[in-house]
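Participant: Can you build the whole structure from these sequences, using the hints too?
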Amino acid sequence: MPFYVSPEQIMKDKADYARKGIARGRSVVVLQYDGGILFVADNPSRALHKISEIYDRIAYAAVGKYNEFETLRLAGVRYADVNGYQYDRGDVTARGLANAYAQTLGTIFTDSSKPYEVELVVAEAGEDADSDQIYRLTFDGSVRDEHGYVAMGGQVEAVEQALKDRFEEGLSLSAALRAAVQSLEAQEADRRLEAKALEVAVLDRSREHRLFRRLPAPRIEELLAEES
Amino acid sequence: MNPGTSSFTEFLGSYAPDLLPGRRMSNLAGGTPGNVEIPHATTIVAVTFPGGVVMAGDRRATAGNMIAQRDVEKVFRADEFSAVAIAGTAGIGMEIVRLFQVEIEHYEKMEGRTLSLEGKANRLATMIRGNLGMAMQGLVAVPLFAGYDTDRGVGRIFSYDPAGGRYEEQDFHSIGSGSVFARGALKKLWRPDLDASDAALVCVQALYDAADDDSATGGPDLIRRIYPVVATVTGDGYRRLAEEEIADLAQTVVDGRHDSPGGPTAPLR
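In the order they appear, the protein sequences are chains A and B. Heads up, the final residue of the first sequence is numbered 228 in the working numbering, and it's a clean run with no missing numbers. Heads up, the final residue of the second sequence is numbered 497 in the working numbering, and it's a clean run with no missing numbers.
Keep in mind that the hints were calculated from the coordinates and are not lab data. Be careful, since some hints might not be right.
[Unchecked claim] On the chain A side, residues computed to face chain B include the following (Cβ under 7 Å): (1) E53; (2) Y79; (3) D81.
Just so you know, even glycine gets a beta-carbon here, dropped at the ideal spot from N, CA and C.
Facilitator: Shown next, in the form of structure tokens:
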């Protein structure tokens, strides 16, 4: 039986569907600190990552459906490695990667009946905090250039508000991590996050070659225990 | 199900095959080799010591009887725990090294774990085999691969032939046009209890001997301050020795040769 649904309605339904999917998951926050960019995810899994390395100075964080953001991550690594090999390592940028993701997500949102239920951040550590780049991409392919901090995932308003209250420029790593964890705890009133329930990684400007580094649980505990 | 490959080379082969080193110059294949002088390299040495391995290479590139460049780099960081160096046609060798660096890093990012040292050595063998067509045309490049085996806690050395044969070497090894001379020196100087800095000194001595008898290998250039590239790989990772450290080693070797041009002597009995 043929029936008519207006394009506006189709797009709205898809967007609602994707938003609901994303809101079911747990949150991820990304914020700048004095030595680079910090990524913190409410993620008890040691093996299934929400935060990953893409290239020398570029990292990736995602929320939503695992298989979908994992597919995007692999595509991003391929994009970066092919470009770095073909031109030069310095020619691989977060902006280029964000554009590629925007194209892909936009096409999937418009053309396929089921949109991707994902939201991602692509961040690149520059020479200093001013040249850091943080791009946030949503399921429909829209891109936003963020400064300072980003929150995404479930209960995002509460997490974002908590992060806004705590974030300031030039935080130390331990202060930034505490702010991130407290913000993630704002997802639920009585939620307390242990080091083991966190996935934490940094783009550390002081490193050579590849800036991305995961922080193991003991190191997370140590940083959380440091006096502010 | 097609989750795709974790190998960068295989991905590139299907996505953009003309970017692979073997195929990039494949339009050269089939013709008769002309009189083009393509830069060649080298003497490369590698020496194991308890807890790691040292790799070193001279800096000269030659095109026929001409010195094409005096400060070429032939020893490279492959990843955190390995080093790779090349001998043979410079253009092809450097391309293979670049691809190899991406290959192992790509695997690590895709899979979320690093390849074993053995796995890296095998990948390199496959890549050399991919260049066999060019090698038959005379554009031969062979690598020397050395790394720290994090499972066993030792330094290991792998050599290759142009057909992609992979051979694990014991204690020390050398490749390139001056390797016959370097290997003689390594044989006399290597001991099982070397420390990292003595192992580096053994490398510089061996390179000096190679440069002494092979015109395609450059000795330490004290006038221009161009010294061999020396890198160590240990449990702490890859480290290229700072210029002052290598300058000291080179000066020690050259000073010693003033009195005995043949270098250190081994006991006769």
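Participant: Of all the hints given earlier, name the ones this structure violates by number, lowest first.
Facilitator: 2
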